[in-house]
Amino acid sequence: MLKPLIWQDLPYGELLQAEIDAKLAPWWPRIFGYHLLKVGALSSHLNSLQCNIARHFSVYDGVGASIQADTHYLPIQQNSIDAVLSCFLLEFESDPYQILREFDRVLIKSGYIFIIGFNPISPAFIGKILPKYQTQLPWDGQFFMPSRVKDWLGLLGYQVLADERFMYHSLLGQRGANMSYQANEPYQSSWWQKSIATWLPSTGSVYLIVARKMTIPLTPIKDKAKLKAPNWSAAPSAGRSGLTQNEHVKTPILKSAKS
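UniProt numbering numbers the first residue of the sequence shown as 1 and each following residue consecutively.
By construction, these hints were calculated from the structure, which means they are not laboratory data. Fair warning: this is a prediction, and the values are worked out from it, not measured in the lab. Certain hints may be false.
[To be verified] Below 16 Å or equal to it, Euclidean Cα-Cα: the simulated EDC-like pairs (lysine to aspartate or glutamate) are:
# : residue 1 : residue 2
1 : 23        : 164
2 : 150       : 104
3 : 3         : 140
4 : 150       : 164
5 : 150       : 140
Assemble the whole structure, with the sequences as input and the hints as a guide.
Take a look at the structure:
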């Protein structure tokens, strides 16, 4: 399976990058912390200068990464990252759910995940059914339904804050440097793209999912109104058996990050 390493590897790559940067821009001032992790080669090139997080670094298996590593096993300490950015990564990996589990492991409580992917219910799916394009990027990858990605996040205990769709485009035709789009010019949608965006807004070719890690108690908190005083009785012997009232069950220690 081919993987995009630079934006020019994708059809209309520079346009995709500009549109994604525009969608992320309103979120960055709302995120605070110390570490922003960009996972994947394309994520590393997205603009996060307006983010309030102090340190930004990238992880992927390739030249140019801040840390070169397999994204299935991040060499990062657990509960140490404030936000994770993943752009067109899950589509080209063998075990996308394992990658999400790694995101969860390294994120702090209330940390954020930003996931950008290709929507299969969109004009971009046309390339999946045309033999000419099936072995080309991005159609050689897996297009996951946004609902499936949100289900995965729900299983990991995340609250989805946003699910945005944009780029009502088939992506067929020109690629990267060969296209006429200029980064300093606004993208002009055609009449049919505007019509789809108006009448079928969920069919954008690209989705952005923003989710936040929830803090969930290990055990349910009982209703105080239902709590009763303990029914004390005389002990059968001078010794003690079982747990005393003040003993606590220790929670298991999370596994350490693999190097």
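The hints, checked one at a time:
1. 23 <-> 164: It holds: about 9 Å lies between the C-alpha atoms, which stays within 16 Å.
2. 150 <-> 104: holds, 14 Å
3. 3 <-> 140: OK: residue 3 and residue 140 at ~9 Å, within 16 Å.
4. 150 <-> 164: Satisfied, since the Cα-Cα distance of roughly 12 Å is no more than 16 Å.
5. 150 <-> 140: Violated, because 23 Å separates the two Cα atoms, which is more than 16 Å.
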